[in-house]
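Enquirer: Sequence:
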Amino acid sequence: MSLRRHIADAFGAATVSLLLLLAVLGLLCIVYSIYFRSQTQQRRRDHPIQLRYFNGPWLIRIAFILVAILWGFGELIRLRLLKGRGRIFTTPALQDTICKFYVISNIGFAEPTLILMLVFLLRSSLQKKESGALSHRWDRRVMLYVFLICFPIFILQLVLVFSGPVLVTVEEDSSQAMVKLNKYFTDVSSYLLDGTGTVVCLYPLINTLLLGLFDAILISYLAYLGFKMLTTVINKSLHRRIYVLVVSVISLLLLRVSLLGVSVLPRPGGFLHETFVFIAFSALLSCTLLCIWMLVYCPIADSLALRDLEHCQVAEEEFITPFDDYYCGGADTASVTAVTSSSSSQM
Numbered sequence: 003m004s005l006r007r008h009i010a011d012a013f014g015a016a017t018v019s020l021l022l023l024l025a026v027l028g029l030l031c032i033v034y035s036i037y038f039r040s041q042t043q044q045r046r047r048d049h050p051i052q053l054r055y056f057n058g059p060w061l062i063r064i065a066f067i068l069v070a071i072l073w074g075f076g077e078l079i080r081l082r083l084l085k086g087r088g089r090i091f092t093t094p095a096l097q098d099t100i101c102k103f104y105v106i107s108n109i110g111f112a113e114p115t116l117i118l119m120l121v122f123l124l125r126s127s128l129q130k131k132e133s134g135a136l137s138h139r140w141d142r143r144v145m146l147y148v149f150l151i152c153f154p155i156f157i158l159q160l161v162l163v164f165s166g167p168v169l170v171t172v173e174e175d176s177s178q179a180m181v182k183l184n185k186y187f188t189d190v191s192s193y194l195l196d197g198t199g200t201v202v203c204l205y206p207l208i209n210t211l212l213l214g215l216f217d218a219i220l221i222s223y224l225a226y227l228g229f230k231m232l233t234t235v236i237n238k239s240l241h242r243r244i245y246v247l248v249v250s251v252i253s254l255l256l257l258r259v260s261l262l263g264v265s266v267l268p269r270p271g272g273f274l275h276e277t278f279v280f281i282a283f284s285a286l287l288s289c290t291l292l293c294i295w296m297l298v299y300c301p302i303a304d305s306l307a308l309r310d311l312e313h314c315q316v317a318e319e320e321f322i323t324p325f326d327d328y329y330c331g332g333a334d335t336a337s338v339t340a341v342t343s344s345s346s347s348q349m
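For the sequence shown, the residue numbers in the working numbering are 3 to 349.
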């Protein structure tokens, strides 16, 4: 077995381990969310208003984790570790189909959906009480908005994968540079001439540019939301938490899109190509894990730390809220008058 194959398998083994970590932590957070909702449902009769805040956007949180796991499945099946003679995916035709499915499912669906759900989760904190996460219909509205926004992106990525080679063509007498440039924009896979029967999944530049444009719009809005949240937050610990979340998400998303864009330059299957792809994968994985921790686990942990509501002396209109509603000031923000030390213990 060649050195390049050993290197690819090493990256593949590391990827599998990280995806397993994502799946386990994600499923634990789903169970945690369901448990917390069951606890709040039991106490709803005594504290109906407060617990509607504590429930928060629980369906969107669970959907975010499920989409993250779906993204992880797509990352798993693209690995060279599973391809080639004597492995799970043997025939080049099947491997090429898997690469097309990977680009469509991950670049066309999972990644835009994850980023959009993240934006909605943060935006819910700045909405009015009657229209934000406190509303019973908020989850359903967000699901509809995510579908309406991401579905055209998905269809466009689908068209580019199957019609890109036809739409972006070069003449037969074109220079070698033009032929190579065409491959950069349209190729979703590359057959390796190393005798292993392996097809490497690529990131077509035209699909990456579309993803980058979508990310740029959402990153701009995310930066605006982050600035607005930092100017309204009243808790120092939460201020640090929001700052870390927003800056990390923006940086990691920019890093991923940039690496996917330059991954077309090295030789497919080479060390540099595998390194770019693995770092890009690690960037989005880190972003996803951070969001699950900050937007799923921390709000629930903060709320469970305050579940002994009999000891919380708050007025009917002034009560403690979890992570999603630690804000004050302005008609579009949720009011809050007390934040206990339990929120700072989460940092």
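Just to be clear, a hint being listed does not mean it is correct.
Said to hold, decoys possible - Taking lysine to aspartate or glutamate and the DMTMM-like style, the derived pairs with C-alpha atoms no more than 25 Å apart in a straight line are: (1) Lys185 - Asp196; (2) Lys102 - Asp189; (3) Lys102 - Asp217; (4) Lys102 - Asp196; (5) Lys238 - Asp217; (6) Lys230 - Asp98.
Stated by the list, open to error - Restraint ranges, calculated between C-beta atoms of paired labels, are given here: (7) Ile90 - Leu211: 29 to 35 Å; (8) Pro268 - Phe75: 32 to 38 Å; (9) Ile9 - Thr93: 29 to 35 Å; (10) Arg139 - Ala16: 41 to 47 Å; (11) Leu72 - Leu232: 29 to 35 Å; (12) Asp98 - Arg139: 26 to 32 Å; (13) Asp196 - Arg139: 51 to 57 Å; (14) Thr233 - Pro94: 54 to 60 Å; (15) Ile219 - Arg139: 34 to 40 Å; (16) Asp196 - Leu61: 45 to 51 Å.
Honestly, the hints are just simulated from the structure, not real lab data.
From the three backbone atoms N, C-alpha and C, an ideal C-beta is built for every residue, glycine too.
Enquirer: When you check the alpha-carbon spacing of Lys230 and Asp98, does it fall within 25 Å?
Expert: At roughly 45 Å apart (the allowed maximum being 25 Å), Asp98 and Lys230 break the hint.
Enquirer: Does the structure keep Lys102 and Asp217 at a Cα separation of 25 Å or less?
Expert: 21 Å, holds
Enquirer: For the pair supplied as a hint, Lys185 and Asp196, confirm whether the alpha-carbon distance does not exceed 25 Å.
Expert: Distance ~20 Å between Lys185 and Asp196 Cα, so the pair holds.
Enquirer: Between the alpha carbons of Lys102 and Asp196, is the straight-line distance 25 Å or under?
Expert: 22 Å, holds
Enquirer: So does Pro268 sit 32 to 38 Å from Phe75, Cβ to Cβ?
Expert: 26 Å, violated
Enquirer: Between Asp196 and Arg139, does the C-beta distance stay in 51 to 57 Å?
Expert: 55 Å, holds
Enquirer: Does the Cβ-Cβ separation between Ile9 and Thr93 fall within 29 to 35 Å?
Expert: Given range 29 to 35 Å: violated, Cβ gap about 24 Å.
Enquirer: May I ask you to test the hint 34 to 40 Å on the CB atoms belonging to Ile219 and Arg139?
Expert: 26 Å, violated
Enquirer: 54 to 60 Å was suggested as the range; check whether the CB atoms of Thr233 and Pro94 agree with it.
Expert: Cβ of Thr233 to Cβ of Pro94: about 55 Å, so the range 54 to 60 Å holds.
Enquirer: With a cut-off of 25 Å on the C-alpha distance, tell me whether Lys102 and Asp189 pass.
Expert: 10 Å, holds
Enquirer: Can you let me know if the beta-carbon spacing of Ile90 and Leu211 is within 29 to 35 Å?
Expert: Because 32 Å falls inside the window, the suggested range holds.
Enquirer: Falls inside 29 to 35 Å, the C-beta gap from Leu72 to Leu232?
Expert: Because 32 Å falls inside the window, the suggested range holds.
Figure legend: structure checked against the earlier numbered hints; hints not met, in rising order: 5, 6, 8, 9, 12, 15.
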